[in-house]
Every structure is written in structure tokens, then in C-alpha cells.
Amino acid sequence: MFFLAAEGGESTHNPIIPIWQEIVVGSVAFAVLCFVLMKFVFPRMEQTFQARVDAIEGGIKRAEAAQAEANQLLDQYRAQLAEARTDAARIRDDARADADGIRQDILAKAREESDRIIAAGKEQLAAERATIVRELRTEVGTIAVDLASKIVGESLADEARRKGTVDRFLSGLESTGAR
Amino acid sequence: MFGQANVLAQGEAAFPPSVEDFYLPSILPWGAHDSYWFTKITAMVWIAVGILIIFFLVTYRKPQLVPTKKQWLAESIYGFVRNNIAVDMIGHAGVRFAPYFTTLFCFVLLTNFFAILPFFQISPNSHIAFPAFLALISYLLFNYIGIRHHGFVKYFKNSLIPPAPWYILPLLIPIELFSTFLVRPFSLAVRLFANMFAGHMLLLVFTLGGFAMLSANAWLAPVSVLSWVMTIALTFLEFLVICLQAYVFTVLSASYVQGALADEH
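Read top to bottom, the protein sequences are chains C and Z. Oh and the first sequence: position 42 is 42 in my numbering, straight run, nothing missing. Oh and the second sequence: position 11 is 190 in my numbering, straight run, nothing missing.
Check the hints yourself; a few may be wrong.
[To be verified] Quick list of in silico lysine-lysine cross-link-like pairs, DSBU-like style, CA-CA up to 30 Å:
{"hint": "1", "chain 1": "Z", "residue 1": "Lys249", "chain 2": "C", "residue 2": "Lys39"}
{"hint": "2", "chain 1": "C", "residue 1": "Lys61", "chain 2": "Z", "residue 2": "Lys241"}
{"hint": "3", "chain 1": "C", "residue 1": "Lys109", "chain 2": "C", "residue 2": "Lys122"}
{"hint": "4", "chain 1": "C", "residue 1": "Lys163", "chain 2": "C", "residue 2": "Lys150"}
[Said to hold, decoys possible] Just some of the chain C residues that point at chain Z, by a computed CB distance under 7 Å:
{"hint": "5", "residue": "Pro15"}
{"hint": "6", "residue": "Ile16"}
{"hint": "7", "residue": "Pro18"}
{"hint": "8", "residue": "Glu22"}
{"hint": "9", "residue": "Gly26"}
{"hint": "10", "residue": "Ala29"}
{"hint": "11", "residue": "Leu33"}
{"hint": "12", "residue": "Phe35"}
{"hint": "13", "residue": "Met38"}
{"hint": "14", "residue": "Gln50"}
{"hint": "15", "residue": "Ile91"}
{"hint": "16", "residue": "Arg116"}
{"hint": "17", "residue": "Ile117"}
It should be emphasised that the hints constitute simulated quantities derived from the structure, not laboratory data. Just so it is clear, the structure is predicted and the values come from calculations on it, not from any experiment. Glycine included, C-beta positions come from ideal geometry on N, C-alpha and C.
Just chain Z, same shape as in the assembly (with noise of 0.2 Å):
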């Protein structure tokens, strides 16, 4: 966004966008680019974690039997998670794991959310880093959860040999070990990772390319409100993108701890 505004101000729009549009100069220490501590990034995670703390905290000081607007919000949010994510994948088992899908659910979604949002305008997991912890901790608890419930050797055993004829299993238990502990993990952080770089990406092309054009040529003009029309409808795209990737991150890790818990293959 500093880089944005600062390309321009120096009325040079850097046409085609580049990968180094992502990694903004840091805020403290100001402008440093290998300083990663303190940037527009790292502030945003913060200000995600503060607002919904304070949120849920003051949706939540007072729980009543008959809810107030807010509290009925609040609990909205986590009903959907407990009920039509954690319960509708795990079953009843499900509740206990409710509280964690139901932040991480939020935290996507609002780190997600800034994508689109004035003056943020990007989002954090647009940096693979955020999507991959989060990938890591489901991938660490969907495993622990499964050796917990079957035991270590019962838990492989389940996970990587399916109910199939004996001769096919030389060819199954490799791609099982493969797609179960070697990609989910991997998969679960590069689609949400991808798809909210690509969304920026998308973005900085249109605004960027209208910038271009009128820069190019004046006659070029209606073609530059073209592309900034482009931009708003991209802006909608980008809204249906971020609440349907932060849902599949939620359940796709739910599934996998589904499968976890799972008796049978």
C-alpha cells in the first residue's frame, strides 16, 4: 500500500505488477526491506487478533439466556461453526474441536477480509507464512488426534491401508502415505495462499493497468475506467473468494481430523 501510494506519487506505475508488490518496506524500522518484524503485514495480523478479541470479548462480557443483538451475533458465528462445520463433519465428537475451527475460521476470515478492505488493502496470507502455520497446526492436530484416539501403529495402519485386495496395496499405501502426510498439509496452505495472491494480483493489474494506459496515452482513457470498473467487480469476486476459502480451510481441516477419528478407512 506504501509502495502503491509511493509509485504513485512518483507518478510511475509499474506496469506489470511484480511479486516484489507484496513484500511492502517495513514501518519499523521505516522503509527497511529486510526487516520483517514490524510491517504492514505483521500489523494487520495484529490488528485481526485485537478486533476480534475485543469483539468477542465485549459481544461476551455478559452472556444472557435471551441474547442481546450483538451477543446473538457473536454466538451466530460460532454456531455456524459448531453446527454446520465441526458437527456436520466429526459428528457429536465434533463440539470439543468447535472452539479452535471456530478461530480459525474468524482469523481467516478477517485476514482474508482485508484484501478488499480500504487502506489494507492486502492480505497477510497473500505471505505464505500465515497460511502455512495454520496448515502446520492443523496438520499437527488432525495427526496427534488420530494417534490419541487409535493408538500410534492402529492410527498408520488405518490411515495408509485402505480395504482393498492385497495386490493393489503396494500401489495404494504409497499414495496414501503421500496425499494424506506429505500434501494436505502442503495443499491446504498453498490454496489459500494462491488464491489471495492471485486476488491481489488480479487487483494491482486492473488498478495498476488503468494507471498504465492514462499514463500511455490520453486517448487511452475510457479504457482506464474500463479497467477500474473491472477493479470493483474483481473487488466483489475477491469478497465471494475470501469467505469461501477461509469456509474451506475450516473444513477441509474438520474433514481431516474427520478422518483422523475415523474407525474405518
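Just chain C, with the same shape it has in the complex (with noise of 0.2 Å):
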């Protein structure tokens, strides 16, 4: 080094004291790489350390999202299944009380119709009743007044006096069935 040192007609170089044309290229290239990889690599490096997060994070979130989803469905159905239940125990009381509603209606409706056959019963049973006695009262009577003319062998000839006569005869009878 010394005959170079020597042709260049250097002698020494101090090296604490640093030269500044090397501080110039350095500074430059070194503000090139800055702006390259601060621009361009890292803060892509940054999103995609971001992105591998989210990726993660996301994935973890969807699924609880879901899970969040099927327990909410499941409370639907249960709170459907649970509204269904009580709407068949509605419907079921409902048709009990209407069925004892019909039963009520048609007892009710027998009741009367029996009532109704009962009375008309007892109204013809009455008539005839009238009817028969009425008849009754004719023929006993005719057949007493004969009977009396036979026993007494005389004809009564005046009917009127001979009815009457019977007509006292059975109201008499009649009081005394009376009292």
C-alpha cells in the first residue's frame, strides 16, 4: 500500500474523521433503500400480518356468529314448539267445554222433548179420561134406570124425571166419593 500511497502523493488518512463524499453516496443509497422497503414491502408486510389476524379472528368470529344463530333458532323453535303446545291445550279445553255444551244442549232439548210427551200424554190420558167418564156417566146412568125399572118393574116414562133423578143419585155419589 505504501508505493500507492506514495504515487498518489497521499500520505495519511485519519479514520475517525469520515469523508464526505462518502457520507453523500451513503446517505443517498441508504434514503433509496428507506423509501423502497418503508413504501413499498413493509407496510404490505404490516397488512398482511393484519390480514393472516383477521383471517384467524374472522374465522373464530363467524363461527360464534353461527353458534349465535343456531342457539337463537333453537330458542325460536322451542318458544314455537312450547306456543304450539299451549294452543293443543287450548284447543282440547275448548273442545271439552264445547262437547259438554252439546251434551248440556242435547240433555236440555231430551228434557223438554220428554217433558213435551209427558204433558201431552197426560193432557190425552186427561181427555180421555173426560170422555170415558162422561160416557161412563151416561151409560151407568142408563143402565142403573134400567136396572131400577127392572127391580122396581116400573117404567119411569118421563125421561126427565128419571135423569133428573139419576143426575141427584150420582151427584150424591159423588159428594160422598168426595168427602
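Put the two chains together into one complex, using the hints given.
Encoded structure:
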């Protein structure tokens, strides 16, 4: 080196004194490096890291959302099922109540009908009885008069008198019977 | 490197190596000693920048959620600086500084690595100009961040006045001023520079020493071999230093930013 240094006519360098040309070159080169790496590379790396975090956390979040939705649906179905059960019970109760009502109606109608039939029968019976009584009264009178005529041997010609006597007799019978 | 080649070609192994071995003649114009625009050193800086840009742009051309191997590698580098340096030192606010710290870390690591890479074999960081402007950027960065975060007065109050009894303050304030605002950028630059300078010097000593002994006396050949074996061993040590210094430079920058953002002293 010494001969080269001697050729160059330069004696010594001080290693602690920076060469300004090297500072300029170094600064420019380092500035270029900083510009390219800090603008085009490392921010994209941060983005990739972030995207990776998102991908992982997003997966977890999606799973949580799906779980929540499933739970919600389950609750909804349970609610609907409970509602349906309540409805069914209510319908059953209603039906039972309806059936009771219908039974009561039918019973009432039947009772009414029977009452009516009974009443009609009674009426008819009474009417028949009255008719029979009337017929009997006439027949009994005639038979009694005939019997009396035969017994007494005397025909009571006077029909009007005869009728009055029979009536009196029967009234007497009735009044004694009634007493 | 060209210098060494010339020296070896001339059969004149200049021993011991001197500071001049770090200042190689320029490439354009060829062989000039007072032109520094295009030397092996500046060429290496451009190559480093080119390699890093191409590597990151190619590996991150089409980022995917499930990374490919190359993408994973690029992400690991960024993730390492982001999580193990920026977030560890600064906390969650550190994420926004992670791109710069990663760029810084990659640049320092690769330029350091040139110290042991065949055909490069010297690190640009053994010229103080490069550590100096990187340290200057860190210095401006942490001061700017601090002033923007706290306001001018509060930032300097925070930085300069430690929570101590008043009678000790006259002693502490100059110390704080000195350590925070004067020594920091200087120590940051010199630490990296000196490590790379010393590393290169060590390798030169053992490599050229082998040649020197061989040319001095043929009987010293075994010692020359030992010297070269030492060179290989020191290359591994140098690799450790390379990684460590890149890490330390970035961690210290992050630590300064953290100090500037801290509420208490």
C-alpha cells in the first residue's frame, strides 16, 4: 500500500474523520433503500399480518355468529313448540267445553221433549178420562135406570124426571166419594 | 482488496497493515487516491442497497396469507426486528418505527457482512462516514420524536432533569446533557465503526502476517499456516461481531426512541 499511497501523493488518512463524499453516497443510497422498503415492502407486510389476524379472528367470529344464530333458532323453535303445546291444550279444553255444552244442550232438549211428550200424554189421558167419565156416566145412568126399572118394575116414563133422579143420585155419590 | 492484490502481486506484503489499507484507490477514475465518489466502498454500499431492494421486492411481490418459503424469510426478518426490537423496547407504539429499524438492521447487517464475504472482504462500516450518518439519523429521529411527543420544553425537561434532590441537580444536568445529547450519536457511530475497523485490521494482520513470515524465512512456514488458521477462526468471530453490532446498533436506536417517548426520566 505504501508505494500506491506514495504514487497518489497522499500520505495519511485519519480513520475517525469521515469522508464527506462517502457520507453523501451513503445517505443517498440509504435514503433510496428506506424509501423503497418503507413504502412498498414493510407496510404490505403489516397488512399481510393484519389480514392473517383477521382471517383467524374472522373465522372464530364467524363460528361464534353461526353458533349464536343456531342458539337463536333453537330458542325460537322451543318457543314455537311451547306455543303449539299451549294452543293444543287450549283447543282440547275448548273442544271439551264445546262437547259439554253440546251434551247439556242435547240433555236439555231431550228433557224438554220428554216433558212435552209426558205433558201431551197427560193431556190426552185427561181428555180420554173425561170422555170415558162422560160415557160411563151416561151408560151407568142408563144401566142403573134399566136396573132400577127392572127391580122396581116400573118404567119411569118421564124421561126428564128420570134424568133428574139419576143426576141427583150420582151427585150424591160423587159428593160422598169426595168426602 | 485491490490494494492487497497489488501488494501480493508485487510480492511485497506490507506488514504491519496500516490505516491506508482501508482507503483503496478509486474505481472511477481508476486508481485515483483523492476521489471518493466511486470506490470499492461506495460500490459495496450500492450493491447492498440493490440486494436488499431486490430481495424484499421479489419476495414480497405477491404476499399471501399462507406464506411461501421466501416470503416467510422476509417476514421473519421484519417480524424479528418488529417484535424483538421495536415492540420489546418501545411497546405497542414501536410498531410504527419497525419499518425504519428493519431497514436499518438489514443495511447494517449486510454491509457488515461484506467484511467476511469473499471478494468483498471489507465492510463499508469500517469507514466512519457510514456509521456516522446512520447514527446521525438515529439522533435526529429520537430527538424529533421526543419533541413531537412532549413538546420542546417538556422534552428537554424530561431528558435533562432527573427526579433527584435539587442539590444534586447541578451535577446531574451537565452529565445528562453530555451523555444524552453529545455522547450518544458519537458512541453509536464509533462503536460500529471501531468494531468493523478492528475486525478488518485483525484479519489483515493474520493474513498478511502469514505472508510476511513466509517471505522472511521459509522455516517460518508452519507459523504462517497457523496464522492463516487463526484467520479462519477470526472470520467466525467476525461473523459473531457482525450480527451483534447490527443488532446492538438497532437496539440502541430503539432504546433512544423509547427514552424520548418515556413520560418519566
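Evaluation of the provided hints:
For the hint pairing Lys249(Z) with Lys39(C), the CA-to-CA distance comes to about 20 Å; that is within 30 Å, so the pair holds. Note on Lys61(C) and Lys241(Z): the hinted pairing holds, with a Cα-Cα distance of about 27 Å set against a maximum of 30 Å. Taking the CA atoms of Lys109(C) and Lys122(C), the gap is about 19 Å. The hint holds against a cut of 30 Å. With a C-alpha separation of about 16 Å, the suggested pair Lys163(C) and Lys150(C) falls inside the 30 Å cut-off, and the hint holds.
Of the supplied interface hints, the one on Pro15(C) holds, with its beta-carbon coming within about 5 Å of a beta-carbon of chain Z, less than 7 Å. Contact between Ile16(C) and chain Z, as hinted, is supported at the beta carbon level, the nearest pair being about 6 Å apart and thus within 7 Å. A least Cβ separation of about 4 Å between Pro18(C) and chain Z falls short of the 7 Å threshold, and the interface hint therefore holds. For Glu22(C), the interface hint holds, the least distance from its beta-carbon to any beta-carbon of chain Z being 4 Å, beneath 7 Å.
Against a cut-off of 7 Å between C-beta atoms, the interface hint on Gly26(C) holds, since the closest Cβ of chain Z lies about 5 Å away. Evaluation of the Ala29(C) hint against chain Z yields a held restraint, the C-beta minimum of about 5 Å falling below 7 Å. The interface hint given for Leu33(C) holds, since its Cβ lies 5 Å from the closest Cβ of chain Z, which is under the 7 Å cut-off. The beta carbon of Phe35(C) comes no nearer than 9 Å to any beta carbon in chain Z, farther than 7 Å, and the hint placing it at the interface is violated.
Nearest Cβ of chain Z to the Cβ of Met38(C): about 4 Å, under the 7 Å cut. The hint holds. Of the supplied interface hints, the one on Gln50(C) is violated, with its beta-carbon coming no nearer than about 11 Å to a beta-carbon of chain Z, more than 7 Å. The beta carbon of Ile91(C) is not positioned within 7 Å of any beta carbon in chain Z (closest approach about 58 Å), and the interface hint is therefore violated. Interface restraint check for Arg116(C): the shortest CB-CB distance to chain Z comes to about 93 Å, outside 7 Å, so the restraint is violated.
Against a cut-off of 7 Å between C-beta atoms, the interface hint on Ile117(C) is violated, since the closest Cβ of chain Z lies about 95 Å away.
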